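There are 2 protein chains.
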Amino acid sequence: MQKILDYIALVDEALKKNTSKKDPKELYEPIAYTLNLGGKRIRPALLLLANNLFGGKDEVALSAALAIEVFHNFTLVHDDIMDEAPLRRGSQSVYKKWSTNVAILSGDVMLIQSIQLLSKGNTTSLSEVLDVFNTTAVQVCEGQQFDMNFESSTTVSIDDYLKMIELKTAVLLGCSLKIGALLGKANQTNANHIYEFGKNLGIAFQLMDDVLDLYGDPKKVGKRVGGDVISNKKTYLLLKAQEIASGKIKKDLDFCLSSVVLDDASKVEKVKAIFNELNIKQLAIDEMNLFYNTAISHLDSIDAPAEKKQVFERFSKSLMNREN
Amino acid sequence: MQKILDYIALVDEALKKNTSKKDPKELYEPIAYTLNLGGKRIRPALLLLANNLFGGKDEVALSAALAIEVFHNFTLVHDDIMDEAPLRRGSQSVYKKWSTNVAILSGDVMLIQSIQLLSKGNTTSLSEVLDVFNTTAVQVCEGQQFDMNFESSTTVSIDDYLKMIELKTAVLLGCSLKIGALLGKANQTNANHIYEFGKNLGIAFQLMDDVLDLYGDPKKVGKRVGGDVISNKKTYLLLKAQEIASGKIKKDLDFCLSSVVLDDASKVEKVKAIFNELNIKQLAIDEMNLFYNTAISHLDSIDAPAEKKQVFERFSKSLMNREN
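Chains as they are written, first to last, in our numbering: chain R, 1 to 324; chain U, 1 to 324.
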């Protein structure tokens, strides 16, 4: 796992150098601000790790790794406007700190910068890399739109939900790994396996997120337990419960979702009791394990030294056993 | 000029084919709507014309031409949010017809689609083409930010203004022509000359726009005469007047700009009288001609058959002698 930490440090260092402040400052200050808010840098680290797995050089892939991180942060800047999220990583979101217009335009520049970083010094596989990146970028936007649509929809199925988290979250993990592999001159089969590894791991990760919201240790999750329940968010847990509940349980659940008299704590308690009765936590973990196992089987299929693949498996396990 | 009309028709036809409607419809309907609102298609037509000038084939450059048009329309979709513009080409703007969120996200997808179109089937000069495109795309965003900053600034100089219109409007004309030239395998010198031709023509075009707002034939301009004056917009005319006015004229101008009692028609009449006294229209036309002549001198320097260059000169003249 040391390798991942090294790559995270490398990315952090490069991002700091990269955020030169230019005119107009209304455009470039929010970009520097966003890129310095922190973040786990998991995507660029995975890109570098995949590149290394196939014998690629760090310095060849670093620019693409930064591209992925800048792109990811672009989506956060625009999503925060759309979701009216005042906070990002404990600080004010860009639209809140400056304005919606500033967030729109500096986000646009970040999207363009990500393409610039991707194109930098990379000519042999540029067309292939751009192809994966652009397809993914459009999918991430589609995922965000589906997510917004779900808020007002009453007919979201489990399949709709899984498709949404695949688009909004998981494909970018797959894309990061595949670009790293392509830059490391992996063949198409290996590149596709590592993409599927990342995508399925991403879905499993998001399902874990849903579980942790209600069943995580509040001290470790770092946010209010049951936030999704309080806001009636259509997570895997709620959608699964709605799918299988019937009779009195269904009535109780509907009451909790529509009641205006229940205070937040009681709502969380009641919904959790219903979920427990329906065994929802275990069903979610079963679903998560399906995606996790698919991810690992793709990892196993990659034609690369077993000892170099170990770090991916260890990293995957740590994501699944995390407490926050 | 027939050639340009043919290219405009070609672009229109291709755009119609290209706007397939997919899911989620909240994302793809606004894109199809925007691309079918019309527009002069000048940028893609110029790209194809530049490509043809150097012997390039239309089918090789068509995708890049569409990329430029999609990019241009992306900027309009996002600008209309920022400028709170309810109308675009006589129809509702996207943010007004749908919502700000829809306009943000469908605009984002258009920006990504423009990169997709640019990368399509183009591998030999992809890196070079992307380089010009990305640099320009960032500049266009910078221009929009400067334009917004100018609204609340009291210290905008003529140089600031010329730089702003260069970034916001002119560089995309230069970029369109240069990409066409590169795809037609023009050498770097010729590609740079045609870029400078387009950029300078673009600045001249924008100055003409400023003049037409107040001095155009209302029947032909198709919008209210003096709209810029009414809104105190910092155009070349106003900035030049503020630069050279002194004494009583300066006082009168300041009164017109800050008065809350003047009705719109009187304000336009009074400001026009001040401009006439200061000979502003002629000064603007002189400035415009400087840029126009620079454009033409770059056109002259391009090493290409004179008879093939004629259409660019004729087109430039038509832009300068236009009445709308």
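Hints were generated in silico from the structure; no laboratory data involved.
Keep in mind that a hint or two might mislead.
Note that identical chains are pooled: a pair holds if it fits in a single copy or bridges any two copies.
Stated by the list, open to error - Lysine-lysine pairs mimicking DSS-like chemistry, simulated, CA-CA at most 30 Å apart:
{"id": "1", "residue 1": "Lys163", "residue 2": "Lys25"}
{"id": "2", "residue 1": "Lys57", "residue 2": "Lys219"}
{"id": "3", "residue 1": "Lys57", "residue 2": "Lys250"}
{"id": "4", "residue 1": "Lys308", "residue 2": "Lys281"}
{"id": "5", "residue 1": "Lys57", "residue 2": "Lys270"}
{"id": "6", "residue 1": "Lys25", "residue 2": "Lys267"}
{"id": "7", "residue 1": "Lys40", "residue 2": "Lys185"}
Just so we're clear, the structure is a prediction, and the values are computed from it rather than from any experiment.
Going down the list of hints, with the structure as the test:
Taking the shortest Cα distances, Lys163 and Lys25 sit within 30 Å of each other only across copies (16 Å), while inside one copy they are farther apart (39 Å). Taking the shortest Cα distances, Lys57 and Lys219 never come within 30 Å of each other, neither inside one copy (40 Å) nor across copies (64 Å). With identical chains, the CA atoms of Lys57 and Lys250 are never at most 30 Å apart, being 56 Å at best within one copy and 65 Å at best between copies. Taking the closest pair of Cα atoms, Lys308 and Lys281 never come within 30 Å of each other, the shortest separation being 34 Å inside a single copy and 72 Å across copies.
For the homomeric pair Lys57 and Lys270, neither the shortest alpha-carbon distance inside one copy (54 Å) nor that between copies (68 Å) is at most 30 Å. Proximity of Lys25 to Lys267 under the C-alpha cut-off of 30 Å is found in neither arrangement, the shortest distances being 46 Å within a copy and 34 Å between copies. When the C-alpha separation of Lys40 and Lys185 is checked against a cutoff of 30 Å, the pair qualifies only within one copy, where the shortest distance is 26 Å, while the shortest distance between copies is 44 Å.
Violated hints for the displayed structure, listed by number in ascending order: 2, 3, 4, 5, 6.
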